[in-house]
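J.: Using the hints provided, position chain B relative to the given structure of chain A.
Protein chains: 2
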Amino acid sequence: MQGRGLTLPALDPAGVPAVAGSDYPEAFRALVERGQRQRLGDALGLKNFGVNLTRLPSGCASSLRHWHSRQDEFIYVLEGTLVLITDAGEQVLTAGMVAGFPAGRRDGHHLVNRSGSDALFLEVGDRSAGDEGEYPDHDMIWRNVDGDQAYVYLHRDGTAY
Amino acid sequence: MQGRGLTLPALDPAGVPAVAGSDYPEAFRALVERGQRQRLGDALGLKNFGVNLTRLPSGCASSLRHWHSRQDEFIYVLEGTLVLITDAGEQVLTAGMVAGFPAGRRDGHHLVNRSGSDALFLEVGDRSAGDEGEYPDHDMIWRNVDGDQAYVYLHRDGTAY
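Top line first, the protein sequences correspond to chains A and B.
The first sequence begins at 1 in the working numbering and counts up by one.
The second sequence begins at 1 in the working numbering and counts up by one.
Certain hints may be false.
[To be verified] With beta-carbon atoms standing in for the labels, derived distance ranges:
#1 A:G5 to B:E79: 16 to 22 Å
#2 B:A160 to A:S58: 54 to 60 Å
#3 B:A27 to A:R29: 53 to 59 Å
#4 A:R156 to B:A27: 58 to 64 Å
#5 B:G5 to A:A18: 29 to 35 Å
#6 A:A27 to B:T94: 40 to 46 Å
#7 A:D87 to B:D107: 39 to 45 Å
#8 A:G96 to B:A150: 29 to 35 Å
[As the list claims (entries may be wrong)] Sample of chain B residues at the chain A side, in silico, Cβ under 7 Å:
#9 P9
#10 D12
#11 L40
#12 N48
#13 V51
#14 D72
#15 F74
#16 L84
#17 Q91
#18 A99
#19 G100
#20 F101
[Unchecked claim] These stretches of chain A come out as covered by chain B in the derived footprint (C-beta under 8 Å, 3 or more residues):
#21 69 to 80
#22 84 to 93
Keep in mind that the hints were calculated from the coordinates and are not lab data.
Ideal Cβ placement from N, Cα and C applies to all residues, glycine included.
Bound-form chain A, shown alone (with noise of 0.2 Å):
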């Protein structure tokens, strides 16, 4: 897991494996699945929030516009160009730019990547319990069970996908 020489506490990035996929609904895959999540949060044994160094391709998504109710969301944008999408339209970042989206806020958020480059940036959120939230754009909600150990997506009425 380590790189250059960097023991913990420290650590190169490069290091750490990249994870990508989606465990949503398969309708849902396509526009995020190439999107590549480093862990860095959990590589450094961090248990109250989670870092992850997220890299998108050209036409791929953050995630579905999605909101949170318990926890806080950060991004850092550190290379190339992403479209932020909220209620209030879109916004372009570039690097050194951030944005940040409170828990509780009913203001559905991703970032797009339309350029022809990668992007990549720093995303954080914390880990409070209970945390639940919508995809105001489609028929989905998440719910946390089993005392917030797993969380389930679920159909506006509750049914399951």
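T.: Below, chain B without anything else, positioned relative to chain A:
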């Protein structure tokens, strides 16, 4: 607070005020007081964790070497060269390198800029309640008071600074 035409939930850090100085007891301020922090998380309305964009000029440290009992910390180096000092010794971190300090690990850490140029990094820390900690190189600890609304610096024997 906004720049380049971005509006919340997006933000250009250039529009966020930089805060310098230190609330350490006077004897401990010299090493850290020239560091400048832009409180991006606060500017974005986040509550569950803080995100600072921190600039350390040559000769400046991020803090005294310290550890937290309940709060995780993460750093991502954006520019320059920083020396990470922990119980195990020193490691040199350059742009793109990260470090993480899990809550409760009693290994004091800080970052020192021994180069001739500024260093810039992101630092993230959650706000878990009941946090306290120690400065292993000094006769100093901190304890939260007033139901986590404030903290105090104490000598190891519990007497006030």
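J.: Indicate, hint by hint, whether the structure satisfies it.
T.: So, going through the hints one by one against the coordinates:
1. Under the hint 16 to 22 Å, the C-beta atoms of G5 (chain A) and E79 (chain B), about 21 Å apart, fit the expected range.
2. In this structure the hint that A160 (chain B) and S58 (chain A) lie 54 to 60 Å apart at CB holds, the actual value being about 58 Å.
3. The hinted range of 53 to 59 Å is satisfied by A27 (chain B) and R29 (chain A), whose Cβ atoms lie roughly 58 Å apart.
4. Between R156 (chain A) and A27 (chain B) the C-beta distance comes to about 60 Å, which sits within the given range of 58 to 64 Å.
5. One distance hint, 29 to 35 Å for the beta-carbon pair G5 (chain B) and A18 (chain A), holds here, with the actual separation near 33 Å.
6. A C-beta distance of roughly 43 Å is found between A27 (chain A) and T94 (chain B), which places it inside the suggested range of 40 to 46 Å.
7. Checked against the hint of 39 to 45 Å, the pair D87 (chain A) and D107 (chain B) passes, with Cβ atoms roughly 44 Å apart.
8. At about 33 Å, the beta-carbon gap between G96 (chain A) and A150 (chain B) stays in the expected band of 29 to 35 Å.
9. Given hint, P9 (chain B) at the interface with chain A, holds; its Cβ is 5 Å from that chain's nearest Cβ, closer than 7 Å.
10. Hint status for D12 (chain B) relative to chain A: holds, with the closest Cβ pair at about 6 Å, below 7 Å.
11. With a least beta-carbon distance of about 6 Å to chain A, the hint placing L40 (chain B) at the interface is held under the 7 Å criterion.
12. Nearest Cβ of chain A to the Cβ of N48 (chain B): about 4 Å, under the 7 Å cut. The hint holds.
13. A least Cβ separation of about 5 Å between V51 (chain B) and chain A falls short of the 7 Å threshold, and the interface hint therefore holds.
14. Checking D72 (chain B) against chain A by beta carbon gives a least distance of about 4 Å; that is within 7 Å, so the hint holds.
15. Satisfaction of the interface hint for F74 (chain B) is found here, the shortest Cβ-Cβ separation to chain A being roughly 5 Å, below the 7 Å cut-off.
16. Interface hint at L84 (chain B): satisfied, since its Cβ lies 5 Å from the closest Cβ of chain A, which is below the 7 Å cut-off.
17. Interface restraint check: Q91 (chain B) against chain A, minimum CB-CB distance 5 Å, threshold 7 Å, status holds.
18. A hinted interface residue such as A99 (chain B) counts as satisfied when its beta carbon comes closer than 7 Å to some beta carbon of chain A; here the least separation is about 4 Å, so the hint holds.
19. Taking 7 Å as the C-beta cut-off, the interface hint given for G100 (chain B) holds, the closest approach to chain A being about 3 Å.
20. Against a cut-off of 7 Å between C-beta atoms, the interface hint on F101 (chain B) holds, since the closest Cβ of chain A lies about 6 Å away.
21. Counting residues of the stretch 69 to 80 of chain A whose CB falls under 8 Å from any CB of chain B gives 4; the rule of at least 3 is met.
22. Residues of the stretch 84 to 93 of chain A with a Cβ under 8 Å from some Cβ of chain B number 5, which satisfies the need for three, so the listed coverage holds.
Checked against the numbered hints above, the structure violates none of them.
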